[in-house]
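There are 2 protein chains.
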Amino acid sequence: MSEQQAVLQQFRETIHKIKSYEEALGLLYWDLRTGAPRKGMDTRSESIGMVSGEMFKLSTSPQLGEWLSALEEKGSFEELTEIDQRLVSETRKEYDRSVKIPPKLYQEYVVAAAQSENKWEEAKAQNDFKGFQPYLEKVISYTNQFIDLWGAKATRYDTLLDQYEPGMTVSQLDKVFGDLRDKLVPLSAAIAASPHQPDTGFLRQSFDKSAQKSFSLYILEQMGYDFEAGRLDESAHPFATGLNPGDVRITTRYLENDVTSALFGTIHEGGHALYEQNIMAELTNTTLCTGTSMGIHESQSRFWENVIGRSRPFWERYFGELQSRFPGQLDVSVDQFYRGNNIVSPSLIRIEADELTYNLHIIIRYEMEKLIFDGGAKVSDLPELWNEKYKQYLGITPPSDAEGVLQDVHWSGGAFGYFPSYSLGNMYAAQFADTMEKELEGMWSLVGRGELLPIKEWLSERIYKYGKLRSPSELVQSVTGKPLDPQCLVDYLTKKYTDIYKL
Amino acid sequence: MSEQQAVLQQFRETIHKIKSYEEALGLLYWDLRTGAPRKGMDTRSESIGMVSGEMFKLSTSPQLGEWLSALEEKGSFEELTEIDQRLVSETRKEYDRSVKIPPKLYQEYVVAAAQSENKWEEAKAQNDFKGFQPYLEKVISYTNQFIDLWGAKATRYDTLLDQYEPGMTVSQLDKVFGDLRDKLVPLSAAIAASPHQPDTGFLRQSFDKSAQKSFSLYILEQMGYDFEAGRLDESAHPFATGLNPGDVRITTRYLENDVTSALFGTIHEGGHALYEQNIMAELTNTTLCTGTSMGIHESQSRFWENVIGRSRPFWERYFGELQSRFPGQLDVSVDQFYRGNNIVSPSLIRIEADELTYNLHIIIRYEMEKLIFDGGAKVSDLPELWNEKYKQYLGITPPSDAEGVLQDVHWSGGAFGYFPSYSLGNMYAAQFADTMEKELEGMWSLVGRGELLPIKEWLSERIYKYGKLRSPSELVQSVTGKPLDPQCLVDYLTKKYTDIYKL
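Same order as they appear, the protein sequences are chains E and F.
Residues 18 to 520 (my numbering) are what the first sequence spells out, left to right.
Residues 18 to 520 (my numbering) are what the second sequence spells out, left to right.
Bear in mind the hints are in silico, worked out from the structure with no lab data behind them.
Check each hint, because a few of them may be wrong.
A pair holds if it fits inside one copy or across any two, identical chains being indistinguishable in the list.
[Stated by the list, open to error] For lysine-lysine, the following DSSO-like pairs were computed, each having C-alpha atoms within a straight-line distance of at most 27 Å:
no., residue 1, residue 2
1, K200, K34
2, K34, K121
3, K473, K513
4, K408, K192
5, K56, K34
6, K387, K408
7, K74, K121
8, K74, K34
9, K482, K56
10, K34, K117
11, K513, K200
12, K473, K56
13, K519, K56
14, K473, K230
15, K192, K170
16, K387, K200
17, K387, K155
18, K387, K170
Just chain E, same shape as in the assembly:
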């Protein structure tokens, strides 16, 4: 074995170890959120802390740094396979990011973030922004220290964005979000002014939970979710977690008085899961065996939930089956049902927002995060700023901070730069759908016949199988032949809602 081969083997073994730790941690968390007994949680948290700590130690070890340098040497790097090259460059990126933060500072931050999350929960319940303010200030101060240590890019906020959407910048987002905002605000207003508002009353009844569950399982199966490589459980907040490509679990939450909440939640998480179940086998046991970014991951959950699951052909195929599971309860036409599940209406709470106005919630948060890190906004100004933007973009004013600036957990835990992923997901999804319509003949007829597997196959071949082997921008370019283009989402929404609201 040559020296380079020996280094590569040790490097790959370390990556495999990190991945095994991730699998163990993934299961420890999954279990906490699905059914771990209450009294074991404190000790469990300590175990999670220990395993995370060992993983962090391994990911930042000087030995790993040496192997990386050896593999990056001119001459050496070029001899690596495409997968190994990407593994080296991705690991380098993570390595540099991690070793730049002194362990002590990071530990202080973890404690501060945990305290801040706890305080946020209390502050939200009591509508007490003032009480939360010092905690949030502390978390922001740590985040600013991290930006200094990592090094600011073109803007300080760019450094944060790059954590979740590698390569994404304020310069690019200002443009796409600007376009989006300029077009969605008037579209939203036109919808609000339409006399053709859908009826949603029939959706609010008592719907048997086991029938909801069996329908959710049926739709997952139709989507091509592999139940031999996953399972569906319940949790307070639905999520998907890929322990390995043969074990990608999802959870949902059944609401008795809402027949589609759990279903759309399941389809959403199912979309995340299809991504992780279909990554090429060559990436198993490497850190490339996951979605390439939060935005691309979100594009898959939203593609399945919104583009497919809230489409007219989908319900033309499946509404009869849903009706038959709730005899006498859904005595409406397919059209009424389809329109009832696609109402657009400005609202206060992001996670309850519709497919269109959701993006305005995100743009507000994006603009505020920029103000925090690059615009000199003070934490004490955030509630007022928030309310102004809601008035401006959505035409409504939160009656309380609990329903305003305090509604999301993200900032309390330091997840700045994450929010844009959600709208990026919507934009990527629409752009992928646009290409799919052109390439996959009769795509909507397939959906109308319940033949969803060719759709899953197309996504697997074009997107899923690559895992982290392609960056988000490489992926979008290679699949759609152009960079991120917000017009696809605008067109998709305009077409859809012009029909529904007869604009």
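Knowing the structure of chain E, use the given hints to seat chain F on it.
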């Protein structure tokens, strides 16, 4: 902080880490056996291997050896608390055992044992002892190398016994098993000759699984199993696993045509779980936070399953409730039901054996293990030896090796010295019950009224809370005022079956 305090702190942190790894591994295994998707199992096994390897590295690190030596120094050791002293001596024992085996040899053994287990499964299905023989020989050869490395005690087999029942010896077991055998063989014969054989026909019907489950849950609750510190799931082979004292899980398996199989299985695992749920908080996060030996652990499962769960007072209290869950199906008297659940009859298969003859199955295996490691028996002789002993002690001859020497998985995986734990459990259970009857006033009236919590409390105070803080022999002596005494089991069985079979 003094130097000793600093060493102690680092030592305790390492022990805590080992315990956290154990928790993660415990969950990874629990998940594999209760519901992990099939396609993820290969990668899961690799993750388990990695985490086990890291734990082993930590448990055998030279650094840990240095801390142990420092803490054992004259003067230092005496200043430690009772818990720390025990932690040091237990860790030393494990440490010495582990470091004496070269890692390479151990890895070879793990592979050989896994291959042998696979082959055993096939050989049992095909009744092919000859095909299994070379695999078993290999596992025995590794075991003999381990005995040489660890150092043989008074006998070679003593070294194996000590792994599962610390301090137990052939010299002691020969005596107690000899007494037991001499008294149980004639008792078993007298029972077989009795004209008063219980009826069991009514037990074989189709019993609704959900009703079985709800009754099992009810009985667990009656026993004082804490559902906020555990959960009940299903698996092919029932087991209990203590991840931490606040998370002690059990599994069971429901048989449609047997109304008590799952129930007694649940009570059995519930007994194991009560032990682990009630260990004193001071031992949490240490390796003393578990049962003190396999035999003592088994005494608790068997105490609850047999001594309590198969007693007349228990069914006088609970039979009505069982009847009401299966309307029209259990139309017999309490006496008939009680006797039907306590038949004694020599049989071929250990895990299906009754409370009395079970011990003869164990004594046979004990005698054979002695012959393998100290008596020069060849593997090729085992089937014949097995059949001779079954003829001698149980009066029956296996019609095939599949129902004879191939029935148990233990030897294939190298678990020599484990079998005696089961009968030790029966003996300890009877001896503890004997003391409980004297100390806990009206014990059987409590059972007859369904007041099981005082029984759980007594066991917690006398046994459970100590975890591994007392050795098996210290525990038996302190609880019952005498060493292990097989006469308690003989007396218990004689009294019980003299009544049932009207001897």
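Comparing the hints with the structure gives:
Taking CA atoms no more than 27 Å apart as the test, K200 paired with K34 passes in neither setting, with 48 Å inside one copy and 55 Å between copies. When the C-alpha separation of K34 and K121 is checked against a cutoff of 27 Å, the pair qualifies both within a copy, at 24 Å, and between copies, at 19 Å. When the C-alpha separation of K473 and K513 is checked against a cutoff of 27 Å, the pair qualifies only within one copy, where the shortest distance is 22 Å, while the shortest distance between copies is 65 Å. Taking CA atoms no more than 27 Å apart as the test, K408 paired with K192 passes inside one copy only; the shortest distance there is 22 Å, against 88 Å between copies.
Taking the shortest Cα distances, K56 and K34 sit within 27 Å of each other only across copies (20 Å), while inside one copy they are farther apart (30 Å). For the homomeric pair K387 and K408, the shortest alpha-carbon distance inside one copy (19 Å) is at most 27 Å, but the shortest distance between copies (84 Å) is not. With identical chains, the CA atoms of K74 and K121 are at most 27 Å apart both within one copy (13 Å) and between copies (26 Å). For the homomeric pair K74 and K34, the shortest alpha-carbon distances inside one copy (12 Å) and between copies (14 Å) are both at most 27 Å.
Taking the closest pair of Cα atoms, K482 and K56 come within 27 Å of each other only across two copies (17 Å); inside a single copy the shortest separation is 41 Å, beyond that limit. In the homo-oligomer, the alpha carbons of K34 and K117 lie at most 27 Å apart both inside one protomer (22 Å) and across protomers (26 Å), since each shortest distance falls under that limit. In the homo-oligomer, the alpha carbons of K513 and K200 lie at most 27 Å apart inside one protomer (14 Å), although the nearest pairing across protomers, at 85 Å, exceeds that limit. Taking identical chains as interchangeable, the C-alpha atoms of K473 and K56 lie at most 27 Å apart only when they sit on different chains, with a minimum of 19 Å there against 42 Å within one chain.
With identical chains, the CA atoms of K519 and K56 are never at most 27 Å apart, being 55 Å at best within one copy and 48 Å at best between copies. In this assembly of identical chains, the alpha carbons of K473 and K230 lie at most 27 Å apart only when taken from the same copy (22 Å versus 39 Å across copies). Taking identical chains as interchangeable, the C-alpha atoms of K192 and K170 lie at most 27 Å apart only when both belong to the same chain, with a minimum of 18 Å there against 79 Å between chains. In this assembly of identical chains, the alpha carbons of K387 and K200 lie at most 27 Å apart only when taken from the same copy (21 Å versus 84 Å across copies).
For the identical chains of this complex, K387 and K155 are intra-copy neighbours only, at 18 Å inside a copy versus 67 Å across copies, given an alpha-carbon limit of 27 Å. For a Cα distance limit of 27 Å, the shortest separation of K387 from K170 inside one copy, 13 Å, qualifies, whereas the shortest one across copies, 72 Å, does not.
In terms of the numbered hints stated before, the structure departs from hints 1, 13, listed from lowest to highest.
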